[in-house]
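Asks: Sequence:
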Amino acid sequence: MQPTQPNERFLFLDVLRGFALCGVLIANMAFHSGYWFLSPEMQAGLQFADAGNSLMWVIHFFSDGKFYSIFSMLFGIGFALQMQRSIEREEPFMGRYSRRLLILFLFGLLHAFLFFVGDILSMYALTGFLLLLFRKKSAKFLFRSALILLCLPVLQYAFLWWNAQGAPPVDLSGDRAFFEQLILAYSTGNFSDILFNNIGGTIFGRYPDLIFTGRFFKVLAMFLLGFYIAKSRLFEYREERKDFYKKILLWTAVIGIPSNIILAQMMTTDAYYMLEPSGIVQPLVYAFGVPALGIFYAVGLLILFQKPAFKSKLSFFAPYGRMALTNYLMQSILSGLVFMSYGFGLFGAVGPILFTIIGFSIMIIQFIFSHWWLSKFKYGPAEWLWRSLTYKKWQPLRKAEDLTFN
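Under the UniProt record's numbering, think of the first position of the sequence shown as 1, with each following residue one higher.
Some hints could be false.
As the list claims (entries may be wrong) - Straight line, CA to CA, 20 Å or less: simulated EDC-like cross-link-like pairs of lysine to aspartate or glutamate:
| id | residue 1 | residue 2 |
| --- | --- | --- |
| 1 | Lys378 | Glu90 |
| 2 | Lys231 | Asp14 |
| 3 | Lys307 | Glu239 |
| 4 | Lys311 | Glu236 |
| 5 | Lys311 | Glu239 |
| 6 | Lys140 | Glu236 |
| 7 | Lys136 | Glu91 |
| 8 | Lys137 | Glu88 |
| 9 | Lys307 | Glu236 |
| 10 | Lys137 | Asp243 |
| 11 | Lys392 | Glu91 |
| 12 | Lys393 | Asp14 |
| 13 | Lys307 | Glu383 |
| 14 | Lys247 | Glu236 |
| 15 | Lys392 | Asp14 |
| 16 | Lys307 | Asp14 |
| 17 | Lys393 | Glu383 |
| 18 | Lys307 | Glu240 |
| 19 | Lys136 | Asp193 |
| 20 | Lys313 | Asp14 |
| 21 | Lys246 | Glu236 |
| 22 | Lys231 | Glu383 |
| 23 | Lys399 | Asp14 |
| 24 | Lys311 | Asp14 |
| 25 | Lys399 | Glu383 |
| 26 | Lys136 | Asp209 |
| 27 | Lys376 | Asp14 |
If you are wondering where the hints come from, they were derived from the structure by calculation, not from laboratory data.
No experiment lies behind these values; they were computed from the predicted model shown.
Let the hints inform the model, and build the full structure from the sequences given.
Replies: And the structure:
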């Protein structure tokens with residue numbers, strides 16, 4: 001078998017990106033639907049509550065964190081490919097890359113303020129600037145740095161736990177009252193109510209949570225791991241590496257499966273991030289078990305992609321992945337039409353069974369739209385705008401336009 005050809009290499013990255021985006025949607029549906037904000041008593045009062053609890057365990061095991069880990073690795077791979085392309089074309093890289101990140105940050109803020117507090121784009125943009133510090137480092141240095149960064153959330157949690165010793169128990173009644181007000185605003189309020197809660201939730205809720213949970217460390221770790229993978233050309237399948245890929249599958253399964261069983265169990269109980277000695281298990285299994293299972297998915301998909309029977313089927317994910325930014329934003333817009341007051345107002349009213357069905361319905365709509373759009377246009381709408389603003393010039397969009405433009 002020959003090494004992966006360039007067009008197949010990029011096709012696989014689009015497939016992997018599309019596959020990851022499907023998982024991100026399902027993982028985010030608990031947040032989009034408002035289920036995440038409900039008290040255990042309110043969750044128990046929803047339809048199909050028992051089956052919903054079981055489904056949440058499955059989502060926590062298979063989905064939560066794994067697909068954003070893949071996305072983060074792809075971001076690092078993309079950074080390496082863009083830098084290499086700039087070197088080959090003898091074009092400036094730092095300025096254009098920084099402008100690209102600044103635009104992504106603005107996209108993320110608008111996304112968070114208007115549609116989805118759980119936005120990840122602004123965090124990717126901020127963390128992406130740190131990649132510039134590693135651009136001349138060796139592959140070995142990148143790998144070691146990624147491992148160290150994965151350990152930092154555990155050390156951070158241990159530090160927080162140590163400093164919390166002797167403190168009185170946290171009173172959650174204020175949080176419950178706030179969440180009830182939030183559910184009311186999102187399900188029945190006007191758009192200004194939603195905007196007010198989104199802005200406040202982003203500034204005073206989302207970003208402190210990202211800091212408290214060490215998410216910036218995790219994301220930078222996966223960026224660096226992706227950069228390492230690109231430098232080592234590991235995403236280009238080679239037959240002589242077959243045994244290496246199998247070892248990666250084995251070890252990521254050994255680490256990832258038991259870790260995520262523990263994680264899913266903790267995330268469906270009150271043990272999640274409690275400041276007690278046993279609570280350190282959660283960040284420990286998350287720090288290593290979640291990326292491990294994400295890598296297991298990615299390597300497994302790479303191996304399957306080499307088989308003609310699977311390649312033709314997996315290629316169906318490629319248009320969805322090529323329009324990842326558009327589809328990520330669209331997921332929030334379509335979810336808003338279902339759950340927010342300006343749509344059907346179902347925020348906080350449906351459980352895991354129904355919001356998962358809704359999530360797959362959104363996915364189907366997006367797959368159809370992506371295949372149709374890319375049959376006529378070169379880029380997704382958001383990708384085209386991002387590219388045009390980055391290059392400070394409107395880019396050709398229709399396929400009939402000049403294809404020689406660089």
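Asks: Honestly, which of those hints from before does the structure not fit?
Replies: 1, 10, 12, 13, 15, 19, 22 and 26
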